[in-house]
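Visitor: Residues in the sequence shown are numbered from 19 upward in steps of one, following our numbering.
Hints may be right or wrong, so weigh each one.
Unchecked claim - Derived DSS-like pairs: lysine-lysine, alpha-carbon spacing no greater than 25 Å straight-line:
id	residue 1	residue 2
1	LYS72	LYS42
2	LYS79	LYS30
3	LYS30	LYS75
4	LYS31	LYS78
5	LYS42	LYS78
6	LYS75	LYS42
7	LYS30	LYS42
8	LYS72	LYS30
9	LYS42	LYS79
10	LYS31	LYS72
11	LYS31	LYS75
12	LYS42	LYS31
13	LYS79	LYS31
14	LYS78	LYS30
Honestly, the hints are just simulated from the structure, not real lab data.
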Amino acid sequence: MNISEFERVKPKKTFRVILGTLSKYERLLESHTSNKNPRPNNAALVETYTNIVKDLKTIKKSFLSGE
C-alpha cells in the first residue's frame with residue numbers, strides 16, 4: 019500500500035483510540051508525579067506509565083508514517 023492509498027483509507031477510529039489511550043496514560047503519569055498529590059510507593063506505577071506512554075508514542079508515530 020502506498021502512502022496516498024493509506025491516507026485515503028486510513029482507519030480514523032483506530033487513530034482516535036490511540037490518541038485517547040495516550041492521553042489517558044499521560045494524565046495518569048501526571049497525577050502520580052505532581053507535587054500537589056504525592057503518593058507513597060508509586061515508583062513502579064510511574065515507571066509503568068512512563069513505558070506505556072513511550073510505547074504509545076512509538077505506535078502513534080508508526081501509524082502516522084503508514085508502516
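Visitor: Each hint needs a verdict: does it hold in this structure or not?
Guide: Hints, verified against the model:
For the hint pairing LYS72 with LYS42, the CA-to-CA distance comes to about 13 Å; that is within 25 Å, so the pair holds. Distance restraint check for LYS79 and LYS30: the Cα-Cα separation of roughly 14 Å lies within the 25 Å cut-off, and the hinted pair is therefore satisfied. Between LYS30 and LYS75 the CA atoms are separated by roughly 17 Å; this keeps the pair inside 25 Å, and the hint holds. Distance hint between LYS31 and LYS78 is fulfilled; the C-alpha atoms sit about 13 Å from each other, no more than 25 Å.
At roughly 14 Å between alpha-carbon atoms, LYS42 and LYS78 fall within 25 Å of each other, so this suggested pair holds. This hinted pair checks out: LYS75 and LYS42 have alpha carbons roughly 13 Å apart, not beyond 25 Å. Restraint check for LYS30 and LYS42: satisfied, since their Cα atoms lie roughly 18 Å apart, inside the 25 Å limit. Proposed proximity of LYS72 and LYS30 is supported: the alpha carbons are some 21 Å apart, at most 25 Å.
A C-alpha spacing of about 17 Å is found between LYS42 and LYS79, which places the hinted pair at or below 25 Å, so the restraint holds. A distance of roughly 21 Å separates the Cα atoms of LYS31 and LYS72; the hinted pair therefore holds under the 25 Å criterion. With a C-alpha separation of about 17 Å, the suggested pairing of LYS31 with LYS75 holds against the 25 Å cut-off. Proximity of LYS42 to LYS31 is assessed by CA-CA distance (about 16 Å); at most 25 Å being required, the pair is judged to hold.
Proposed proximity of LYS79 and LYS31 is supported: the alpha carbons are some 16 Å apart, at most 25 Å. Pair hint LYS78 plus LYS30 holds up; C-alpha atoms about 12 Å apart against a cutoff of 25 Å.
Of the numbered hints listed earlier, not one is contradicted by the structure.
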